[in-house]
Each structure stands twice: as C-alpha cells, then as structure tokens.
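Top to bottom, those sequences are chains A and B. In this text, residue positions in the first sequence follow our numbering: the first is 19, and each later residue adds one. In this text, residue positions in the second sequence follow our numbering: the first is 209, and each later residue adds one.
FYI, nobody ran anything at the bench for these hints, they're computed from the structure. Even glycine gets a Cβ: it sits at the ideal position worked out from N, Cα and C. Treat the hints with care, since some could be wrong.
As the list claims (entries may be wrong) - Under 7 Å between C-beta atoms, here's a sample of chain A residues computed to sit facing chain B:
| id | residue |
| --- | --- |
| 1 | Ala36 |
| 2 | Asp88 |
| 3 | Leu257 |
| 4 | His321 |
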Amino acid sequence: MTTRTHAASAGDPLERSADRAFRLPVPALLGSLALLLLACLLSATQGAAGLPVGGVIRSLLDAVPLIEVDRTLSSQHEAVLWQIRLPRTVLAALVGASLAVAGAGYQGVFRNPLADPYLLGVSAGAGLGAVLALGFGLNLALGPVAALPMAAFVGALLAVTGSVLVARGSFRNPATLLLAGVAMAALFSAAQTFALQRLDQTRAREVLSWLFGRLAADGWHPVLLLLPYVLVAGLVLLLHARHLDVLRLGDDEARALGLKPARSRLLVVTAATLITAAAVSVSGLIAFVGLVTPHIVRVLVGHSYRAIVPLSAVVGGGFLALVDIGARTLTAPAELPVGVITAFVGAPFFCVILWRRRHDA
Amino acid sequence: MSSPTTRSPAVLRARDVQVAFGGVQVLAGVDLDLHRGEWLGLIGPNGSGKSTFLRSLVGLVPSTGQVHLGDGSVPGPRDVSLMPQSPELPPGMTVVEYVLLGRTAHLGWLERESPADRRIAVDALHRLGMGGFADRTLRGLSGGETQRVVIARALTQQAPVLLLDEPTSALDPGHQVEVLELVDDLRHRDGLTVVAAMHDLGIASRYADRLLLLERGAPVALGTPHEVLQDSLLSQVYGWPLHVHHLDGHLVVVPAPRAPRHTGAVSATEHCTPPGRRGSPTHHPLDPDRTQEVS
Numbered sequence: 019m020t021t022r023t024h025a026a027s028a029g030d031p032l033e034r035s036a037d038r039a040f041r042l043p044v045p046a047l048l049g050s051l052a053l054l055l056l057a058c059l060l061s062a063t064q065g066a067a068g069l070p071v072g073g074v075i076r077s078l079l080d081a082v083p084l085i086e087v088d089r090t091l092s093s094q095h096e097a098v099l100w101q102i103r104l105p106r107t108v109l110a111a112l113v114g115a116s117l118a119v120a121g122a123g124y125q126g127v128f129r130n131p132l133a134d135p136y137l138l139g140v141s142a143g144a145g146l147g148a149v150l151a152l153g154f155g156l157n158l159a160l161g162p163v164a165a166l167p168m169a170a171f172v173g174a175l176l177a178v179t180g181s182v183l184v185a186r187g188s189f190r191n192p193a194t195l196l197l198a199g200v201a202m203a204a205l206f207s208a209a210q211t212f213a214l215q216r217l218d219q220t221r222a223r224e225v226l227s228w229l230f231g232r233l234a235a236d237g238w239h240p241v242l243l244l245l246p247y248v249l250v251a252g253l254v255l256l257l258h259a260r261h262l263d264v265l266r267l268g269d270d271e272a273r274a275l276g277l278k279p280a281r282s283r284l285l286v287v288t289a290a291t292l293i294t295a296a297a298v299s300v301s302g303l304i305a306f307v308g309l310v311t312p313h314i315v316r317v318l319v320g321h322s323y324r325a326i327v328p329l330s331a332v333v334g335g336g337f338l339a340l341v342d343i344g345a346r347t348l349t350a351p352a353e354l355p356v357g358v359i360t361a362f363v364g365a366p367f368f369c370v371i372l373w374r375r376r377h378d379a
Numbered sequence: 209m210s211s212p213t214t215r216s217p218a219v220l221r222a223r224d225v226q227v228a229f230g231g232v233q234v235l236a237g238v239d240l241d242l243h244r245g246e247w248l249g250l251i252g253p254n255g256s257g258k259s260t261f262l263r264s265l266v267g268l269v270p271s272t273g274q275v276h277l278g279d280g281s282v283p284g285p286r287d288v289s290l291m292p293q294s295p296e297l298p299p300g301m302t303v304v305e306y307v308l309l310g311r312t313a314h315l316g317w318l319e320r321e322s323p324a325d326r327r328i329a330v331d332a333l334h335r336l337g338m339g340g341f342a343d344r345t346l347r348g349l350s351g352g353e354t355q356r357v358v359i360a361r362a363l364t365q366q367a368p369v370l371l372l373d374e375p376t377s378a379l380d381p382g383h384q385v386e387v388l389e390l391v392d393d394l395r396h397r398d399g400l401t402v403v404a405a406m407h408d409l410g411i412a413s414r415y416a417d418r419l420l421l422l423e424r425g426a427p428v429a430l431g432t433p434h435e436v437l438q439d440s441l442l443s444q445v446y447g448w449p450l451h452v453h454h455l456d457g458h459l460v461v462v463p464a465p466r467a468p469r470h471t472g473a474v475s476a477t478e479h480c481t482p483p484g485r486r487g488s489p490t491h492h493p494l495d496p497d498r499t500q501e502v503s
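Okay, chain A solo, but in the shape it has when bound:
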C-alpha cells in the first residue's frame, strides 16, 4: 500500500500546486494586457490618415493625470486621434471583450464548447430587437436603460430561452443546442428581413449596414452606451467563474457538492445575454469572437473558467481591435464590415474545432 506519506509541510510541491490552483494566471494576464495595449496603439495610428506613433504616445501620456508631456501632433491630428480613432479603438476593444466573455459564459454554463452568442441565436434575437427599435421606433426604454439596448436585450433573451427550450435540457450535447440555435437564428433573421422589407430603402440600407457588424465612428457616444453593461455584466460573469468550474462536473455532482446549478445558470445566462445585447446594439452582428476567443485562451491558460473569463475579455478586446484595423485599411478608402472579417477568420477556426472534436471522440 502506498497510502502512508509524510504529512504536508510548508513549501512542498503539493502545497505550491494547491496554492496555484484556480488562481489568476498573472503572467498570461499581463502579457495579453500588453498585447491589447499594443493592438490599441496600432489601431489608433492606422487608417485613412496615418498618425505618427511617437506623437500618439505623447498625446496619450499627456492625457494621463499627473503626467505632462509635450504634445507634438498637429491640432488636426489631435482631433482625428481623440474624436475618431480612439473612440473607435476603445469601442472595438469593448465589443470584442463583451462578446468573448459572453461566449466563455455560455460555454461554461451549457458545458458546450461550441456555444457562442452568434451560434445560439442570441445575436440574431438582439438584432431583431435592435431593428425594431431603430427602424420602427419600438420603445421599451426602462429607467436608465435606453430603448435600443433594451429592445436588443429582450430579443436576445427570447432567442436564448427559445434555444434552451428547443434543446429541452440536453444542452450538453453540442449538436442539439447548436441546431436549436440555428433554428432560432433562422427564425429571428427571417423576422429581421421581414421588418427590413417594411422600411423605406434609405432607412433599410442604413439599418442593414449596421446589422452586418459595423463599428460606428460616432465619437464617444457608443462607448458610453456600452460601458455600464460591460462593467455590470462583466463583473457578474467574473464573480461566477467559480460556479462555472463546479458546473464542469455536471449538474448532479455540482448539486451534491452544494451548488445550485439552476440559479447559477440563470445568473450567468442573463449576464452573458445582457452583455451580448449591449454589444449588438452598438455594433451589429459580429460573429465568432465569442466562440474563438475562449478556445485560444484555453490553449494559453488551461481549462479553469476563473482564468478563461478574465483572459477572454482581454484577448477578445485585442482581437477585435486588430480585426478592426483590417476592416478600415484592407479595402481603403472603402470600409469592410468588421463582422465580415471575423467570419472569415472564425468560420475556418470553427471547422478546425469540429474536426478536432471528431478525432477526440
């Protein structure tokens, strides 16, 4: 028998392993934060008017309280930086972070590696709500929540509820939940198309271009609209990452260990749906960020959601900031919808995941 071993002593390898378990992977977090900053800096300098990197850095540093640096950008460049580039860059990072943590939340709560706001039909539901709000003046505004995000949230909630109900609790089976999501997405997209048909042409084109996934150059307004949702829902997701780790054991074992799976699931799904709806209402439908990011993060930091959720926010933000550079420059002076690029990147990635899953089984 090998049961008798020495008593645990401070500093032994097991103790260190136990201390590391479920901890935030600080080096990976700092590394990806640095990459996020780099991506944002790059995004701020690239575009129709190239801005000098040095000048941008000086200008940014000078804006930090208590730091004073001589600004070297022309007043015109200053205006481009602060009124156009930076708001857009920050918006891209926020939307990317939102979709990525929502994806991580859905994947955890449904124990399904293919769950994603887009594939679950959540984005389509939010899109329908937003089309009704934008095109038809549907006004569900409630307290401080404006009409657009509220309509998107209601649509998104309907879609995710529909997907889960259609999958009838067997949401662990990736195929079942995915097919339910496909059905919901088809239904809500059809409703969208129907609604768009009722609009006059110019209005329809406007709404349609938004629907494709477009990061608006609207100054700081969309950033301010999105920020509170990101903070609140993001915090809820971060705080429940521990529950997601318990749920990896399945509902029965989680319950036997003392978790209430239904309550945790409801909270996480609501938060993920809220953050998705907020992102959709400022940027339209951007596919695959929520699917791809958590998978990349898993390769970096392993499978604990306490690492995946925060890291997904940072990596997703950096990813969309980079993709947005491409959206602005690849076909300049014309602009590509950012959702088109994420789909170009994400669809093959999705195929790789499917292919690898088949070989694992």
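With chain A held as given, fit chain B onto it using these hints.
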C-alpha cells in the same frame, strides 16, 4: 457479531423513503438507521434501487418520506458526500483542482477558497497517497488513481457520512481491495459512516457491518453479512442459484454452474427457485412489512 452500530446513536435516519419515476415506483419505502463509524453494504441485482437510494439520500432524486440527521435536521452537502458511480472527469482539470471543488459546500455564494480550504485538499491528497499527482490531469490517471482522487474530493467535503456508488466496479481485484482498505482506514480513524452499493457480495461482506438487500426497490433483508447472505434468499433475489461458502472466515458467493446441456442433470438447480420465478410469497419485494429485520 459486535459492531459499533448497536452502541452509538444514529447519525442518519431514513424513514419510508420512496422514489417514483413517471409513475413507476423504483424505491418502495426504505427504513434505515445509520450509526457513526458503521459500514453499511447496499446489495441487490441491477435495477434494484441501490443507486436511487443513495441519490435520494443527497436529494438528487425527488423522494417522499423522511431523511434526517441525528439532531433532526435535513442533511446537506456538508453532512453527506456522494462518490458517484461514474464520476465526470472534465477535460483539462487537474487533480488538485478537482479535489478543491470538494470545498464548494463550505464556501459562500461569491466566496473563494481560503488557505485553510487549500490545506484541507492537500491533506486529503496526502492521506490517499496522491501527493505526487496534484498537477496531473484527471484523464491521464489510471482507474485506481482516479478512484483515490474521487475519494480525496469526498474527504475534502468533510461530511461525516460517505456514500459510495459501486466504488470499485471498474477496478481489478487488487485495486478493488486497495481502495476499499483505504476507505476502511478512514472510517476507523475519523469515525466516518460509510454506505457502499456493491455488486461483489464477497467483498461487500468483508467490509460491511450490515448488509441491506434490495429487490426491485424494496428492502428484503437487513442484517449482518452472515445473516443476509443465505443461499435460498440470494438465489431467489438474483434469479440464479447462488451458493455461499465460508473460506478462512470470509464469505464467498459463487453462482452455481449451468446444468450440462446433454446429460439432463439438474442437481445444481433442483433446490432453488429457477430464474424468472422471482417474488414468491415468502419475500414479497414490494411489501416493507415483510422485510426480514434481523439484528
């Protein structure tokens, strides 16, 4: 046979526990008093309700009747831990993470593991000789190692009652005994109360103070292994002639050989109920009053 069971008060009482799935009764009124430090073996054929009974004790299946702790309160995950029959092994999860999840019941809604929680997990791994496996992933472990890790998680839960659902059915005989010896050590050292559903009747009788025999959801016998393991009773419940042998103080249950095909000899089966004729009046499976309480 003197066991610790007769002296100490009950740590867990089950009264008339019944479970029905879609109108079909799968557990028909089980009464049981469990005592501190006792090992109760749960035996019976497939589908007799062993797993269902264990799962009803931790509230995983909706049941009627009452389950109480010694002080009259309803047991929760801090009082009863369950080692499932086929535990979920999430991809990429490490051994130490898995064991730490045993602290879930001791954490508040938004609380995280304290250093004390981590120490409890470390101790459990040390006690099961799995100290060197902390950073290994679950799916890289052998069957015996996996069982130890699952037991370590149950210990980390620090519940005085430990339920084991077929803890060793996937293991070879050597590892079976090794795992059960471990649990037996823990029971003697910590006064754990163990309820183990087991298929191997010989092994069950070796560790259990008492055996509870279930047939189609109903208790048909409760008593010491010597009292419960009787040829006629087992043959009837299992639907195949079984012989109980005494070997160096241990009980061994051996199925009778099948009658040779061409000679027509029926010696092995002539004094037993043949398969398919179960539920004779002597032991009515659905009538709890007929349970043989022998202790």
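We went through each hint and held it up to the structure:
no., hint, verdict
1, Ala36, "holds (4 Å)"
2, Asp88, "violated (46 Å)"
3, Leu257, "holds (5 Å)"
4, His321, "holds (3 Å)"
Hint 2 from the earlier list is the only one contradicted by this structure; the remaining hints agree with it.
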